[in-house]
Amino acid sequence: MAEVKLAVRTGLGREQPLAEEWPGFSMREITGLSVWWLSVARKDRDGLDKACTRHLGTALPPERRFVETDKGMRVLWAGDRQWFVIGDGAHIPAAIARLAAVTDQSDGWVAMHVSGERTRAVMERLCLVDLDPATFPTGTVARTPIEGMHALIASDDAEAAACTILFQRSSARSFVDHFRHAADSACGRD
Amino acid sequence: MRYSALSLLVNAFSGQKNWTPVWREPEPKPEYDVVVVGGGGHGLSTAYYLAREFGLANVAVVEKGWLGSGNIGRNTTIVRSNYLLPGNEPFYEFSLKLWEGLEQDLNYNAMFSQRGVLNLFHNDAQRDAYARRGNAMRLEGVDAELLDQAAVRRLCPFLEFNDVRFPIQGGLLQRRAGTARHDAVAWGYARGADSRGVDLIQNCEVTGFLVEGGSIRGVETTRGTIKARKVGVAVAGSTTRVMDKAGLRLPIESHVLQAFVTEGLKPILPGVVSYGLGHFYISQSDKGGLVFGGDIDGYNSYAQRGNLPMVEHVCEIGMAMMPMLGRARILRSWGGVMDMSMDGSPIIDRTPIDGLYLNCGWCYGGFKATPASGYCFAHLIARDQPHEVATAYRLDRFETGHVIDELGHGAQPNLH
Amino acid sequence: MRLPCPLCGERDHSEFVYRGDANVVRPDAEAPGAQRAFHEFVHLRANPAGWHKEHWYHEMGCRSWIVVERNTLTHEVRGAVTAAEHTLARRPAPVADEGGR
Amino acid sequence: MSGGQPNRLAEGGLVQRDREIAFHFDGRRYHGHAGDTLASALIANGVRLVGRSFKYHRPRGVFTAGSEEPNALVELGRGAGRDPNSRATVTELHDGLVASSQNRFPSLGFDVLAFNDLLAPFLAAGFYYKTFMWPAAFWEKLYEPVIRRAAGLGALSGKADPDAYEKATAHCDVLIIGAGPAGLQAALTAARGGARVILADEDFVPGGRLNGERMEIARTPAHEWAAKAATELASMKNVRLLTRTTVFGAYDGGTYAGLERVADHLPAVPPHQPRQRLWRFVARRAILCAGATERPVAFADNDRPGVMLASAVRTYVNRFAALPGRSTIVFTCNDDGWRTAGDLIAAGGAVEAILDTRGAEDIAHLRDIAGDAPVFTRARPIGTAGHKGLSAVTFLNANDRPVTLSADCLAISGGWNPNVHLTCHRRGRPVWNDRIAAFVPGSDAPPGMVVAGAAAGAFSTHGALAQGTERALEVLGDLGSKQPASGIPDAEDAPYAIQPVWHITQSKGRAWLDLQNDVTVKDVEVSHAEGFRSVEHMKRYTTLGMATDQGKTASVPAIAVMANLTGRSIAETGTTIFRPPYTPVAIAAFAGGLRGRAFRPIRLTPAHDWSKEQGAVFTEAGLWLRPQWYPRRGEKSWRESVDREVRQTRRSVGVNDVSTLGKIDVKGADAAAFLDRLYTNTMSTLTVGKVRYGLMLREDGFVLDDGTVARLGDSHYLVTTTTANAGLVMQHVDYCHQVHWPELDVHMVSVSDQYAQFAIAGPNARKVLRKLVDARFDIANEAFPYMACGEITVCGGVAARLFRISFSGELAYEVAVPARHGDAMIRAIMEAGREFDIVPYGLEALNVMRIEKGHPVGSELNGQTTAGDLGLARMISAKKDCIGKVMAGRPALTDADRMTLAGFKPVAEGEELTAGAHFVGIGREAKTAHDEGYMTSVCFSPSLGHFIGLGFIRRGHQRHGDKVRAVDAVRGRDIEVEICSPHFVDPQGERLRG
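Residue numbers (my numbering), protein chains in the order written: chain A, 1 to 190; chain B, 191 to 606; chain C, 607 to 707; chain D, 708 to 1701.
For the record, the hints were derived by calculation from the structure and aren't laboratory data.
We put the CB at the ideal spot given by N, CA and C, even for glycine.
In silico DSS-like pairs for lysine-lysine, Cα to Cα no more than 27 Å straight-line:
{"id": "1", "chain 1": "D", "residue 1": "866", "chain 2": "B", "residue 2": "456"}
{"id": "2", "chain 1": "D", "residue 1": "1397", "chain 2": "D", "residue 2": "1586"}
{"id": "3", "chain 1": "D", "residue 1": "1634", "chain 2": "B", "residue 2": "287"}
{"id": "4", "chain 1": "A", "residue 1": "5", "chain 2": "D", "residue 2": "1319"}
{"id": "5", "chain 1": "D", "residue 1": "1474", "chain 2": "D", "residue 2": "1397"}
{"id": "6", "chain 1": "D", "residue 1": "1478", "chain 2": "A", "residue 2": "5"}
{"id": "7", "chain 1": "B", "residue 1": "456", "chain 2": "D", "residue 2": "1095"}
{"id": "8", "chain 1": "D", "residue 1": "1229", "chain 2": "B", "residue 2": "207"}
{"id": "9", "chain 1": "D", "residue 1": "1343", "chain 2": "D", "residue 2": "1319"}
{"id": "10", "chain 1": "B", "residue 1": "207", "chain 2": "D", "residue 2": "1215"}
{"id": "11", "chain 1": "D", "residue 1": "848", "chain 2": "B", "residue 2": "287"}
The following label-pair restraints were derived from C-beta to C-beta distances:
{"id": "12", "chain 1": "D", "residue 1": "944", "chain 2": "C", "residue 2": "694", "range": "40 to 50 Å"}
{"id": "13", "chain 1": "C", "residue 1": "682", "chain 2": "A", "residue 2": "62", "range": "26 to 36 Å"}
{"id": "14", "chain 1": "D", "residue 1": "1212", "chain 2": "B", "residue 2": "200", "range": "24 to 34 Å"}
Between the sequences and the hints, there should be enough to build the whole structure, so can you do that?
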């Protein structure tokens, strides 16, 4: 059989990652991320914590928090005894895979980085959660809807209002469209 | 006093001196043949038909607030008989026929106007589901037309056909359906019942039932004990609060349904229009306000008020259907307490307590059912036999499985 | 209306989906009179005008089912626990080892 | 007076005299200034007649200076941007503003419908309930059309709203509603305490009453104090000051709804900006500083243009330097009304007289305010003159003798009503306060809300400033914030002296209560006479308080009149229910940006762009877009395309994008046990590498959904659901696990978006697939039989999954690759299939093939059918319980007479079938009693050359070969059909196993 390499499309169905700018706000698609979903039974929770400390250099983050691992990956709380492990080519060590249900979600979720001093003005047009640094400090994670679509918002730098947002691939274009309208309104367009 | 143009003339020249009270305000008598609990639309129509059709005038209606203070006082006033299932359609068509003669029967203008109800559909599967419903109506001798997009466009040019997420493909039209002035229905029935000797007793809340040997003997109220051989409960959203006192656990959840009216506008909506991929229905009252509503808020509530997300949800659907609505301003929003049953259809039946009858489970459809509900409940109370069009509305149907589930959403009240 | 998701913190109720009374427990299908018990479990409701323990699903958040204690007259909310915790807490017998079938 | 504006005072007011603004009213061009409202500009230009009342079309003039205005309702703008029923009193003047009066024909000056006023004796309250009943048909044909044409005030344009709208959510510690003295002081105090504050006010200039009064705060003019306070607040990081923003609703949990009029004051909406923004304020605490609304007194002909509220007259003078009348009479029953006389005199206006209902001893301390204007005590107006504008007022003096004075403006003060609305939006009730003769907030205001200033009945400026500070300090204490130093600036603290007067009984003519709906004291008397005595009955019977102003100036006087008639106190009579919104809000504002195509998100499969390139015709399937068919050039009907797709798939090979089906990954030691409890059939016996078709019931025993379960590993399953029910099933499985069996070690997550999945079906399916699956995987029938599954690699090492499942009935595989490769995969499949003339087939062709095979889909799984109805009763395992099994055994669900799934074919050659038809016996009357079932799905079968259908009919599975009629009355069809097996093509399923 002739080698037919299968080309890759980003979460937004493009060849190149999306990157758009407004005065005071920028939105950049992050590609090439591996996204693993972990879920653990109550009885294995402590065991998994230990395994993560040993193999990822960090214990599992508590509710509403995320942590960076020693290999540049990020572990984000995502639900009752559930986490996302994301990073460039992140892989899940076998010791962890034995204790938890591990499912590849790299293609199901799209990641986007938003930043700029007008970010909170843009986000307040889209999201119900309070992103003020006092209530949403760096390291916080929130799963909440944006215009009826699932989203996971991680606060990379609360003061600079920089966030990483995970959202679902099939509705990614609608998701980004709403960000464009909100940014047009909050920042105007040059 | 009989109402007519003449009566208006007489009063015009006498400085409105000759109008007499529309109903008396009697003290409750110690005993009646029948006590009807609930002075809303269904309670009042029951009393009216007991007196007019079944010769029982020694009747009292006990109402905890003022007459018509419940859902009849606040609803989107739609009247239709476009139901799918054989358990429902005969009943609602019987109701529509009663509506058609109501003004003359009550000598009270409830402004029932048959300007049509159009249910829109947006894809082939939905078209066929509406065809199934339209054909069920035709089998019951009821008018039903399946319109294609061109016909819908002619009837309602103001609908959005171009910049749409879910294109409008057609609609199911019932021309004989329409709207009515809700308060006037309550007052008309109250006047009709009162003039036939029925005692309408306001500010009289039922606090308990008198039961001896498994049979009803009367009710305890905030204005004393009232004895009766038969008691009919028609209190809609308060059904559980009242029937708890008879020790009955029911397949009912009380939910808040919001409705909205805009500022008065010149005529622009011919009849009632409803959206197909989102619960939204709208019509224009004779005073010019656009009256509309959508889903219940979706959680148990007796608060008679709803929350903001559902206001947004309903208006989003309204704008998707008719973006010309945009600049019409909501003047007032209100919430009623709906007695949502587990299959979305009502209950008109006996109860385990002899002589105690139950009328509830009206979900969204209580207003249109007012005449037939009263007639059938009166029939059941008077003859201890269900009326032929209401035989399916049994209380035990949930245990036997003879559920009447129009939408097929199962035992989940907030999905009906 | 704000619901205190035990995991996510307080959120607008539009993030949740309501199911209903959380006091009803799925009966044992093998026990005698199961059909009557299931009828009561599926259909009959206390439907109180006052405090009510009810199931909500944080569908647009952490996807946990929770049991909220809310007043159906005033819509006041005074607490919530995860449905799993609520169910496990009500189990009479000590909970067998997690792996037990 | 300045040049073109006859009633504009030469100096004073807060308008910007250097910025002149041209505008049009009813076609005439006028000039105003920036800082004017349309109402103040009209007054400055001497325009008094601005509208017509709803029922009698009586002439109406500007009555107030705020959002409580009942009369000055105009249509703004033209075309699709037209805004009916806009209040001139809160419409900010801007360049090129075009306004026209409403509800009059042919013109405002000459309105033929004013004829109704002559018929008034016949049109008393509730007249329409007593007539228009004969003949019945006339109602829709004659009476109602006339009534409807006369009804309503303004008109919608009928065109789509051209403007954009937006929503936003803002969280804060303290939401302060109203930026008058109380609000500004509360905001300053709270902000200095470090709280996160939002201060919202409906006006375009903060200050509230301060901008309309002539007084000082801390020895500076009140409006300057307000401006300075607002500037300080705007500069504070923890404060957000929102003008032109009405907080119109108080909802649960400290959520408040606000409407910001972002661009209504601009000639055009700036690019990318919304016209209006709906705010969701989430506040830990709220301080209501909404002020109060002045009320009139009812007496004969008190509704002429030129009759205004006293506070409004002085607001037009002080704030807008616009003189409502050349000679003004002030009529009051309280001290506050005298301020209007004082301000008029100070501005050089003429005060004809001051009429006070009280005795000389009550007003002695006010005498010098009047200057040389005559003062009449015990004065009671009994009539006015002037058809389209006030010309004279007649009143009884202290000796009960009528006196007539000419005047073109009558400023009335019946006292003040605190704006309690938001305290009652959660069904709270206001309570009557006899001392100030007004309803004040009750104790049941929403939790977390406190009230300060006039809204709480503290009518002096000092009272407002003091309460603003106190409430803010209380709230800071509640929130645990620090208590800042909080001096209260000094301001007037005049006592509120009032002897309330509701209706001058000596006046004989019609005394107006609701100026917009034309409700008089006589109507309330008729309502009482007919038994409509509760305020709720009175409101509905007379329509009092049901107009666009919701009775803000009319309700309390009306309640007082009814109380007097019934002999009960005002407190006992009580108010009607206060409901959101406080002032009307456009429907478009509630919808925000979710309009047009953005009404709901669009879900696209990874191969969407490719399908679009092929010219696919799409349809909505839930939120997904799915290709229905792939038309080719020259094909004239969709049937041509669909028949081709079916024939070519059945003859050679076709590919279909099935990515939209729900996919749930299930892992865990108890996964198998859990699936046994969800599905009717046993899943725990499934071996690794095998797939099984499964049926899921609801707990009430009816079918919820069907799909497949594939076992990919020891404790790893993949569940598929129908596209429509994916969300519902995910919710259901989470419910069953977390609520029923939390002890089970099972973990579910949706992977619907993780994979692109394609069905490759047809005799050549394996040959095409062979070219894609990497060599080391054997996909021959023996190694990979029907209902097999496995993890493989394709196209040189790309991880994928393969399933031997077939919905089309053909030899078929479904291959799933990570979504990033979806687009490339469909192109590779098409390339590999070129030699076999592969066709993409859409939903329509899939539907044809599944009907030919007799597979149920949504139209059969419609929530009203049981496993038995679908002919799948045998799938309910006897050995174990599952969700719904017990209730599936209920008598009605196991009744032999139920409608069951069957196939149908037309008896007559070439006849078409339609879905939605009902089955009725041949020769029997088509009526409900003879209704035996209904057709659910139909198609033309290219394989059989005629129409076929699926449907439910009583005892269908026992009546193959019988003939019945399919009656489709709404389509005018009644044809004979033959009942047959639903499995039309390859009933034994040989192709599947080929």
